[in-house]
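Chains as they are written, first to last, in this note's numbering: chain A, 1 to 112; chain B, 1 to 110.
For the record, the hints were derived by calculation from the structure and aren't laboratory data. All C-beta atoms, glycine included, are put in the ideal place defined by N, C-alpha and C. Some hints here could point you the wrong way.
[Stated by the list, open to error] Have a look at the derived ranges for each label pair, beta carbon to beta carbon:
1) B:K40 / A:M19: 35 to 41 Å
2) A:P39 / B:D17: 21 to 27 Å
3) B:G59 / A:P39: 36 to 42 Å
4) A:A2 / B:S94: 24 to 30 Å
5) A:Q22 / B:A78: 19 to 25 Å
[Stated by the list, open to error] Result set (PhoX-like, lysine-lysine): computed pairs, CA atoms no more than 25 Å apart in a straight line:
6) B:K57 / B:K67
7) B:K37 / B:K67
8) A:K9 / B:K68
9) B:K67 / B:K40
10) A:K9 / B:K41
11) B:K56 / B:K37
12) B:K3 / B:K56
13) B:K40 / A:K9
14) B:K3 / B:K68
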Amino acid sequence: NAGVTQTPKFQVLKTGQSMTLQCAQDMNHEYMSWYRQDPGMGLRLIHYSVGAGITDQGEVPNGYNVSRSTTEDFPLRLLSAAPSQTSVYFCASRNSQGYGYTFGSGTRLTVV
Amino acid sequence: EDKVVQSPLSLVVHEGDTVTLNCSYEVTNFRSLLWYKQEKKAPTFLFMLTSSGIEKKSGRLSSILDKKELFSILNITATQTGDSAIYLCAVEGSYGKLTFGQGTILTVHP
Numbered sequence: 001n002a003g004v005t006q007t008p009k010f011q012v013l014k015t016g017q018s019m020t021l022q023c024a025q026d027m028n029h030e031y032m033s034w035y036r037q038d039p040g041m042g043l044r045l046i047h048y049s050v051g052a053g054i055t056d057q058g059e060v061p062n063g064y065n066v067s068r069s070t071t072e073d074f075p076l077r078l079l080s081a082a083p084s085q086t087s088v089y090f091c092a093s094r095n096s097q098g099y100g101y102t103f104g105s106g107t108r109l110t111v112v
Numbered sequence: 001e002d003k004v005v006q007s008p009l010s011l012v013v014h015e016g017d018t019v020t021l022n023c024s025y026e027v028t029n030f031r032s033l034l035w036y037k038q039e040k041k042a043p044t045f046l047f048m049l050t051s052s053g054i055e056k057k058s059g060r061l062s063s064i065l066d067k068k069e070l071f072s073i074l075n076i077t078a079t080q081t082g083d084s085a086i087y088l089c090a091v092e093g094s095y096g097k098l099t100f101g102q103g104t105i106l107t108v109h110p
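Kindly generate the complete structure, drawing on both the sequences and the hints.
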């Protein structure tokens, strides 16, 4: 039981490049979310999903896309990276009756 | 718009001190309030509170929720250097969405 797995752990992108941050969970959790963490700002919700095929925007969705084709996977796509997207990204999941979210170990992204 | 505010933003204490961290919130469709501890990596779960006035306790850490006044406190007694971390308060609203506060950076000196 691996929990929530995020890849890669570190990534450097050039402005304008695109990439996908991967998130997978093996706990059969319905709810999954992506957050970004910037100094002094806590974690902010980017996108979330309440089940396969269902996604919606959070607080800071601009520049990001998500899809949820399976219960296990919830990838986050950066369409055209910008320096403002330099951040630490966390994926989290829980089941529909669960208590508290389980977080992945994070992806540190730098856009130059 | 959902909002969570934590205070203080940072705190420096010595081992053995007791600390109280504060969290106030404004959230529609409140489901729960959660406390997390974050060291160098991902946040780790401490407590989830759903009912007013019921204290949750784990060792030297305890937390209580006041749903009427919309706040929660996290107490840490007899602090140790291993308690140094960022403490995050989050409130869960509709559809499992979490709104986080800015976090409190706790530093415990020997």
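Outcome of the hint check:
no.	hint	verdict
1	B:K40 / A:M19: 35 to 41 Å	violated (24 Å)
2	A:P39 / B:D17: 21 to 27 Å	holds (26 Å)
3	B:G59 / A:P39: 36 to 42 Å	violated (29 Å)
4	A:A2 / B:S94: 24 to 30 Å	holds (29 Å)
5	A:Q22 / B:A78: 19 to 25 Å	violated (41 Å)
6	B:K57 / B:K67	holds (18 Å)
7	B:K37 / B:K67	holds (22 Å)
8	A:K9 / B:K68	violated (41 Å)
9	B:K67 / B:K40	violated (31 Å)
10	A:K9 / B:K41	holds (11 Å)
11	B:K56 / B:K37	holds (15 Å)
12	B:K3 / B:K56	holds (23 Å)
13	B:K40 / A:K9	holds (13 Å)
14	B:K3 / B:K68	holds (16 Å)
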